[in-house]
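**Q** The primary structure of each chain is shown beneath.
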Amino acid sequence: MSGNEPNPAATLQRATPEAQPRPAKAADGKRVDHARSAKQFLNAPEHAKSHDTRVWAMRTKRDKQAHTIEEWEELRELASQIKTHTLAHLDTYLEQFEANAKANGIHVHWAADGAEHNRIVHEIFTEHGVKRVIKAKSMLMEECGFRHYMDSVGIEIVETDLGERIQQLDGEDPSHIVVPPVHKMRSDVARLFAEQLGSDPDNDDAHYLAGAQRDATRPLILDADAGMTGANFAVAETGGFVVCTNEGNADLSANVPNLHVASIGIEKLVPRVEDMGVFIRLLSRSALGSPITQYTSHFRAPKQGGEMHIVLVDNGRSKRLGMEKFWSSLKCIRCGACMNTCPVYRRSGGLSYGATYAGPLGLILNPTFDAHRYSNLPFASTLNGSCTNVCPVKINIHEQIFGWRQVLAENGHLPWTKKTALSAAGKVLASPKGYRVAIKTTNSALKHLPRWALYNRMNAWGEGREMPSPPDNGTFHDWYRRNRLKNQAKTPNEGDSQ
Amino acid sequence: MSARDDILGAVRTNKPAIDAPAPTVPNYDNAYPQGADRLAALFAERLATMGGTWHALADGQSIDAVLQDVLADKVGKPFDDAVIASNVPEVAGNRPLTESDVPASVHDVDIAVLRARFGIAETGSVCFTEAELTVNAVAYLAQHLVVLLDPAEIVANMHRAYQRDDFVNANYTVFHTGPSATADIEGVLVRGAQGVRSLTVIPAPATPA
Ligand code: SF4
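If you read the sequences in order, they're chains A and B. If you read the first sequence in the working numbering, its first letter stands for residue 1, the second for the next number, and so on. If you read the second sequence in the working numbering, its first letter stands for residue 1, the second for the next number, and so on.
Some clues are possibly wrong.
Far from chain A by the CB rule (all over 12 Å, computed), these chain B residues [to be verified]:
#  : residue
1  : P16
2  : A17
3  : G60
4  : V70
5  : P78
6  : R95
7  : T134
8  : F175
9  : D184
10 : P205
Partial list, computed: chain A residues near chain B (C-beta under 10 Å) [as the list claims (entries may be wrong)]:
#  : residue
11 : T86
12 : P201
13 : G211
14 : V273
15 : I292
16 : A371
If you are wondering where the hints come from, they were derived from the structure by calculation, not from laboratory data. Just so it is clear, CB atoms sit at the ideal spot from N, CA and C, and this is done for glycine as well.
Next comes chain B alone, as it looks inside the complex (with noise of 0.2 Å):
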């Protein structure tokens, strides 16, 4: 354990005697609408900027309705052999996920369903924890990515985001914007550099278990 207390010790030594208290971070939100809905059309808006779809539900028309209108021309093979694990009650999914996967063994997943802990209007990110995930390496393996958001949960900015408890509670917790992306080469955006190639964001409240 030496170099830990040779390290302190020589931050100690040496770090600048100023007087320098921590400042107080305002919210910044007074700006932004008020209600959900008009929340909800931002949040839209800004999600689409980084590369995500917002998918509102048209009248009697079911979430499996629209992974299909979505997705069916991007899986990659017919729609009905694609492999869909989901996480939420409103799709049934034909590839069950439990805690005891091995990572990597969710690498087959074409769709994966999630609900989202929360949203946030400012850049259009989805929230998740280990407990929305059951498998974390699904949301970066699997090819398309659903996500369902209760319009309720979406706050205004990321001061807001860091003031919810889930950073001192959960084990993972992380902000997916849009799907994943790289401009390495020669600045052209491409979508789908590592991790999913698309993000698809459906508005739907949350159904009480």
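In isolation and in its complexed conformation, chain A is listed as follows (with noise of 0.2 Å):
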């Protein structure tokens, strides 16, 4: 369209906004059905569109951050180092974590699992009398309910974080771990905010819905009787954790009121302040592309007159720990690279995964948690391997989600459209070079085989998509042997893994 011509769908769709999809949840017991929810998800176009934009700037932002440290790589196999040796001694750091805690005046309780956790806060803050609670946002606490739960109890929640805020006031669970409302769009916040906070429903400029839920929220923050937040680093060494905001709503959730209570999950020690180095310069650049979250905040003690409980939570996470195949998923500190990577996660909405965590370290921590409700997951993926490649603590995302579909598939937790699709994907996997042939049958497949045999109830990832049209050059084995093999003296064998 010529820049002189009025545009009619611009005017339109500021008289008429789309209406934000909303993807069906799963009944309790149900098996989630990704594909459906995600083609729901599609039918609202420019929702569609403008997800996809925003998740993979950030996946651009990224790169651009990644490439300005010469020493990236290194920062990424020492991340990953530091996990794997804190996991394999968790149990003496977390001890040395707790004496050093306590030694500090914090009080340390322990939870099982989510219920036990939601009792243990609900405790303390009955017997402080507690009625208003701000809170930062933690994925640890969404996987617990707890806001739910405090609801059930009559315990207010205020969340401070702008986009949790949003998706409490609009009764959804978060659809991205960094940005929960990365589905909405504007006109979406607009209607929600006149709605809930008296806002003019016409005014969708985000600096002034800021500013409106900014005015909201100060006088809940400046009468809450209690602040709570996660953490994203626990150090061993010190008794003392760290937490990461762009907004600086932890530091208010924790130094307003008296009481703070931060929930962290026992996966989260790191046994040395110096560690820190490493895992801040790689969480902002890898979460959003920028050098690093506007406030970084270390709580090593209470506040003068302030009184401050950690509760650490298991939540699967121990027995997580015990699985040879997945047990590395522990490294991961929740940046949402692999989200914003993720092709299926782009183009399906977070929300579509009806589960805490979305997205490829979805399809690998949500099965541990309820292996037949999130059996589909592991499938919304074209393992592709991109989401191991911005991995920055280097988990093998991808292996991982090819792992869970044998494991799901050797539990009869498959539907049998994914059972008669996995037996031939698995043999095929199995083997590397069965695996490029079968890349190359493919892709001559896809140029060849007509609409009805891609686009079929079979094929999950053929329903409300075009597949990609195949590379004309043949795969990139085919590339590489012809362009760079050729000048090397030692040719690898054709099974290495590469």
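Join the two chains, each given in its own frame, into one complex according to the hints.
**A** Rendered as structure tokens:
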């Protein structure tokens, strides 16, 4: 469309913005149908496009940041090694952390699961007569269903992260671990805030909306009886923990009320203060593509006149530690880079995963919580390995996704379409050579198969999207052999893992 | 305490039996400029990318004059009415802070003036502990922050920052990198999400107490 013509689509959009897609949620005890929910999301094309663009922008910014740091790959390796070391000695580091935290005057509690976490926090609140809590974003508390629990016992929770507050006011779960409302457009927020905060429904300027929320939340912050935060890292050497935010809302939650409760997953441990240099350099660069979050806050002891509690939560983590193929998923620092790079996540929106964790990390974490409910998720991947390539702690995400397919199949958790597809895929993917032959065949098949063969019910990823066109020059391996290998004296064996 | 013992027991049984020593973390600071001035220049550049303002004093200019220059049109009221809480001897301020202040009570502060414990050139961050803040909440409830930073107290990068002993000694140690920010609404960058709306850093050698 040329610049001079009026744009009817734009005018139309202002008058009646596209309604926010709300993918169906699986009922309790039912299997999440990711492909169906993703299709519902894609049925709102403006939202789908906005989501894809924004999420990809984060990935692009991440690459730029990574390229400015010469030692980036070394940092990833160090982060991975520190986490491996910590997890291999996790009992010792947990004990050290607990002893130091207690010596600093912090009350330390342990919770086996979400229910116990909620009960412990509820008890602390009851003891202190807490009616209103200001809370920073915490995926662990999402895991525990903490806000819903507190609703049911009549304690008001006020989310202080803007994105999480938007989701709370909308009665929706976060769709992204770093940017909870990334699936929403500003028109959705304008409508929501008009309803909930009384702002101008016709003003969808982000500055205006953020300001409206700031003004509405500030009195609640000043008047709160307790503050809650999660933690990005817990340092065994000091008994302290580290929280990273861009809004400073964790610092408000921790520093305004006298009572601070922090919920910390047991996998958040790092041994020493100096390890933090590695993780802080990686975290925000991987997450949002910024050099650091605006606030990096280290809590080691209660503030003067204050009281601090830590709840160390297991919720399946100690069990996962014993899974030979999957324990390294506990290295995850929740940066979201794997989500931002994932072609499936970008096109399906986080809510279609029906779980606390969406995207590639969701595929490998959620089945450990409920293998049946999340048995479809490990199939929501093209296994392209992009997630593994960006992961700052070098988790072999795509291999674990494939590993989960096998485990779920062995344990009889698969619907029949998946079973049929898997038995073939399993044979092919088991040998690198067979895989390459299959890729070649698939590429030529993609060119020549009739549409019905690609876009049918057996192929969940043919529904709602066009398959990418296969590269004209054959596979990457063909290209590599032609252009690179011929110049090399030594040719690797065909069977080498790449 | 049974949950504790159960969790630790399960971790002990399940932890991977691999020999994985803790790696040594290099400093990665060879490429950084030498000398306080050049490090300060890098700091200023990085601070700007995070939305902060670097404001060196002009000859004979007072810090009070900078406050007025930078913030007069941002405080939303006549500058003479602005509530200024100062924790530094260089600025008098009109709103004293004491350790016994109820944290929420400092919400009236328009401008808080603080001295940073140190700065980090890599990211343009300034560091505070409770000693510099007096009331921790003031660094978030104030509308604007003005920070004095001794250029001699700028370390090259994160690795150098974490070699300091603050994290072991202070109850609370925080890096601020520019003002509060969010991009949660359609990716549009908004400064002043929940915390301060602006952050100005003034290079100023520490005056001996
Ligand atoms: S799995 Fe890796 S990339 Fe994904 S959120 Fe975790 S740390 Fe980030």
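**Q** Does each hint hold? Answer for all of them.
**A** Now the hints, each set against the structure:
1. The Cβ of P16(B) sits about 5 Å from the closest Cβ of chain A, inside the 12 Å cut-off, so the non-interface label is violated.
2. With a least CB separation of 8 Å from chain A, A17(B) falls inside the 12 Å interface cut-off, contrary to its annotation.
3. The beta carbon of G60(B) is kept farther than 12 Å from every beta carbon of chain A, the shortest such distance being approximately 33 Å.
4. V70(B), annotated as away from the interface, keeps every beta carbon of chain A farther than 12 Å; the closest lies near 19 Å.
5. Consistency note on P78(B): stated as away from chain A, and its beta-carbon is indeed over 12 Å from all of that chain's, at 21 Å minimum.
6. Remark: the non-interface label on R95(B) is consistent with the geometry, its nearest Cβ contact in chain A lying 17 Å away (cut-off 12 Å).
7. Listed as outside the interface, T134(B) is inconsistent with that label: its C-beta sits roughly 10 Å from the nearest C-beta of chain A, within the 12 Å cut-off.
8. Distance check for F175(B) against chain A: the nearest CB is about 4 Å away, which does not clear 12 Å, and the non-interface claim fails.
9. D184(B), annotated as away from the interface, has a beta carbon of chain A within 12 Å; the closest lies near 4 Å.
10. For P205(B), the requirement that its beta carbon stay farther than 12 Å from each beta carbon of chain A is met, with the minimum near 25 Å.
11. Interface hint status for T86(A): upheld, as the beta-carbon distance to the closest one in chain B is roughly 8 Å, under 10 Å.
12. This hint is violated: P201(A) has a C-beta 15 Å from the nearest C-beta of chain B, more than the 10 Å allowed.
13. The beta carbon of G211(A) comes within 8 Å of a beta carbon in chain B, closer than 10 Å, and the hint placing it at the interface holds.
14. Taking 10 Å as the C-beta contact cut-off toward chain B, the hint placing V273(A) at the interface holds, the least distance being around 5 Å.
15. For I292(A), the interface hint holds, the least distance from its beta-carbon to any beta-carbon of chain B being 4 Å, beneath 10 Å.
16. Residue-level restraint check for A371(A) is violated (minimum Cβ-Cβ distance to chain B is 18 Å; threshold 10 Å).
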